[in-house]
Amino acid sequence: MISEKLKKVILSELELDDFPMEDNMTASEVPNWDSLNHINIILAIEKEFRVKFKGAEILKVKNIGELQGLVDSKMAS
Amino acid sequence: MFNSIDIDKLLNLFVFDPHDPLLFSTSFFLFFFFGLLIFYRLFANNKNLRIFTIIVFSLFFYYKAAGAYFVILIFSTFLNFYAGKIIGKIEVGNYKRQLVLVITLLVNLGLLGYFKYTNFFLQIYNDLSSGNIQPLDIFLPIGISFYTFKALSYVIDIYLETFEPIKSVRDFSLFMFFFPNLLIGPIDRAANFIPQIDEDKGITKEIIGKGLFLIMFGLLKKTLIADYISLNFVDRVFDSPLRFTGFENLMAVYGYAIQLYCDFSGYTDMALGIAMLLGFNLMDNFNWPYKATSIADFWRRWHISMSSWLLDYLFRPLQMTFRNMRMFGNALALMITFVAIGLWHGASWMFLFFGALHGFYVVVSILTKNIKKKFFKAVKLENTKLLIVIQIIITFHLAVFSFLFFRSPDFTTATSILTQIFTSFHSEVISQFVEGYSYIIFLMVFVMVLHYCPEGWRSKVENLISKTPLVGQAILLALVVWIAIQAKSADLQPFLYFKF
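Protein chains in written order, with our numbering: chain A, 320 to 396; chain B, 197 to 696.
Some clues are possibly wrong.
[Said to hold, decoys possible] Below are the SDA-like pairs computed for lysine to any residue, each with C-alpha atoms no more than 20 Å apart in a straight line:
| hint | chain 1 | residue 1 | chain 2 | residue 2 |
| --- | --- | --- | --- | --- |
| 1 | A | 373 | B | 509 |
| 2 | A | 381 | B | 507 |
| 3 | B | 205 | B | 227 |
| 4 | A | 381 | A | 348 |
| 5 | B | 569 | B | 489 |
| 6 | A | 373 | B | 522 |
| 7 | A | 371 | A | 325 |
| 8 | A | 381 | B | 509 |
| 9 | A | 379 | B | 286 |
| 10 | B | 281 | B | 298 |
| 11 | B | 573 | A | 334 |
| 12 | B | 406 | B | 674 |
| 13 | A | 379 | B | 227 |
| 14 | A | 393 | A | 325 |
| 15 | B | 569 | A | 336 |
| 16 | A | 393 | A | 370 |
| 17 | A | 379 | B | 293 |
| 18 | A | 379 | B | 298 |
| 19 | A | 373 | B | 293 |
| 20 | A | 326 | A | 343 |
| 21 | A | 373 | B | 573 |
| 22 | A | 371 | B | 522 |
| 23 | A | 379 | B | 287 |
| 24 | B | 401 | B | 573 |
| 25 | A | 371 | B | 356 |
| 26 | A | 381 | A | 354 |
| 27 | A | 393 | B | 356 |
| 28 | A | 371 | A | 395 |
Everything labelled a hint here was simulated from the structure, so no lab data went into it.
Here the structure is a predicted model, which means the values were calculated and not measured.
Based on the sequences and whatever the hints tell you, model everything.
See below:
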């Protein structure tokens, strides 16, 4: 399940009020989330959660659930 | 009666001829393919025989196009299959994994670079140092850009752990050799293609109908539209623009945009249809590109398999690397990606400029995003249909302008065309032009109307053909092939994307 905090960061970067997000949803299914502003979302997550992703880690992420998983694993380490 | 000359002629059809690859639009290919299809369908239950048939035919198909260079394709297949296997075995985090990936990338790109770019670099060296190194006589193995990219996506996906290495070298060979997309794409991904080998889905009447529809539609787009416009109009103007008025030059630039789309998407349709009849769904390459509302949108609709490849394997990693530079990082990653798109098409300044121009378009577009938004709001255009129409018209013209450089052999030709358009337009020739070139104008308008007609209309025609009884479909196909043969001029125009 996507946490409220992560959802909030994503929604604010995409300038959306609300949008239902499921774990198996991909970026292209969320309005405004395209390849160009993808990086802004990643930067905002890094800032908000005070984590640093490696390039390959982000490239592997296929959907929102995996993004949440990556954030969780970074927070734990 | 068979005499020796006839047999020689017949045998020659099976031998490599650099000027006569097995184009999908040739009657020899079509008859041969439908013969193969009957054989293939008769043994539909025997998976091994089915795969073996496609592999053998594909190798023959590639030999017809590249001669002895088909060993490069085989080498590339084995190299990438074993590279994938080795990367899959090394545990994540071990530096050897990265090392094998880097070596594999270097060998793949080294081969591509040698065959495709050596003479371009020699030319640059000569230009910079006033040297005089003679260009080397290097044969460009057809399709090398396409199958190298196909193979690389497999290896990189394994490295990123988004795809498991496959066990069977036979299945990987089928993915690499598969003749429908071997020479001109679509650049399919292993993750899309390989799982289909084991899926034993029956070929329904619907699939046959859809496959035949795509083959017929593609054949007509290529022979009736693209070849006709190019031979009878576009080529003449681009060969000597100064002999034509500005208006004719302008129409030729529009004409080329239509020709290129029909040529390439026509070929893709045929590739998709042929693959479908063999039981495979390939990735689509076009989605009505002239309906795009921005250049970024255009690249999501034009040569999708290549643009998405570069998006995934070049743009995204670059974007991550430059992410601390924020917007400028994005802009830099975009410029590099688009220059790569340009150079992917061939080693020339014109292609490089074409790519850089698209990079420039997209960078300007993202840097002015907020200003544009405020402006549209101020003039009350935001979320209106009128804005969409304006955006489509602007995007279409930006694309057409870039294709002027894509088509021109050098900058002199491109500037001559622009000079003619802006300094000797001669609008008085319009009525004469309409009269003399009415069929060409009809074709151009027809293609644009097809773009903008409601989706439902197109699928209705498709459904109608899919549901026609098989005999009706066969008659229709024979008719289309006959029309295509009739329409063919003495010299068959090669598919434009061959060169890449």
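Here is what the structure says about each hint:
1. The straight-line distance between the Cα atoms of residue 373/A and residue 509/B is roughly 15 Å, inside the 20 Å bound, and the hint therefore holds.
2. Between the alpha carbons of residue 381/A and residue 507/B the distance comes to roughly 15 Å, so the proposed pair stays at or under 20 Å and holds.
3. Simply put, residue 205/B and residue 227/B have alpha-carbon atoms about 16 Å apart, close enough for the 20 Å limit, and the pair holds.
4. The hinted pair formed by residue 381/A and residue 348/A meets the criterion: a straight-line CA distance of about 12 Å does not exceed 20 Å.
5. The suggested pairing of residue 569/B with residue 489/B holds, with an alpha-carbon distance near 14 Å, which does not exceed 20 Å.
6. At most 20 Å may separate the alpha-carbon atoms for a hinted pair to count; residue 373/A and residue 522/B meet this at roughly 16 Å.
7. Distance restraint check for residue 371/A and residue 325/A: the Cα-Cα separation of roughly 15 Å lies within the 20 Å cut-off, and the hinted pair is therefore satisfied.
8. Taking the CA atoms of residue 381/A and residue 509/B, the gap is about 14 Å. The hint holds against a cut of 20 Å.
9. Between residue 379/A and residue 286/B the alpha-carbon distance is near 17 Å, which keeps this suggested pair within the 20 Å criterion.
10. Of the supplied pair hints, the one linking residue 281/B and residue 298/B holds, its CA atoms being roughly 15 Å apart against a limit of 20 Å.
11. Annotation: proposed proximity of residue 573/B to residue 334/A holds, straight-line Cα distance about 16 Å (limit 20 Å).
12. With a C-alpha separation of about 16 Å, the suggested pair residue 406/B and residue 674/B falls inside the 20 Å cut-off, and the hint holds.
13. A distance of roughly 45 Å separates the Cα atoms of residue 379/A and residue 227/B; the hinted pair therefore is violated under the 20 Å criterion.
14. For the suggested pair residue 393/A and residue 325/A, the alpha carbons sit about 13 Å apart, so the restraint of at most 20 Å is met.
15. Distance restraint check for residue 569/B and residue 336/A: the Cα-Cα separation of roughly 18 Å lies within the 20 Å cut-off, and the hinted pair is therefore satisfied.
16. Simply put, residue 393/A and residue 370/A have alpha-carbon atoms about 6 Å apart, close enough for the 20 Å limit, and the pair holds.
17. A threshold of 20 Å between alpha carbons decides the hint, and for residue 379/A with residue 293/B the separation of about 16 Å falls inside it, so the pair holds.
18. Straight-line distance between C-alpha atoms of residue 379/A and residue 298/B comes to about 18 Å, which keeps the hinted pair within the 20 Å bound.
19. Pair hint residue 373/A plus residue 293/B holds up; C-alpha atoms about 16 Å apart against a cutoff of 20 Å.
20. A threshold of 20 Å between alpha carbons decides the hint, and for residue 326/A with residue 343/A the separation of about 14 Å falls inside it, so the pair holds.
21. Among the hinted pairs, residue 373/A with residue 573/B is inconsistent with the structure: their alpha-carbon atoms are about 39 Å apart, more than 20 Å.
22. A C-alpha spacing of about 15 Å is found between residue 371/A and residue 522/B, which places the hinted pair at or below 20 Å, so the restraint holds.
23. For the hint linking residue 379/A to residue 287/B, the alpha-carbon distance of about 16 Å falls within 20 Å, and the restraint holds.
24. The hinted pair formed by residue 401/B and residue 573/B fails the criterion: a straight-line CA distance of about 51 Å is larger than 20 Å.
25. A C-alpha spacing of about 18 Å is found between residue 371/A and residue 356/B, which places the hinted pair at or below 20 Å, so the restraint holds.
26. At most 20 Å may separate the alpha-carbon atoms for a hinted pair to count; residue 381/A and residue 354/A meet this at roughly 13 Å.
27. Only pairs whose Cα atoms come within 20 Å are accepted, and residue 393/A paired with residue 356/B is accepted, the gap being roughly 18 Å.
28. Simply put, residue 371/A and residue 395/A have alpha-carbon atoms about 13 Å apart, close enough for the 20 Å limit, and the pair holds.
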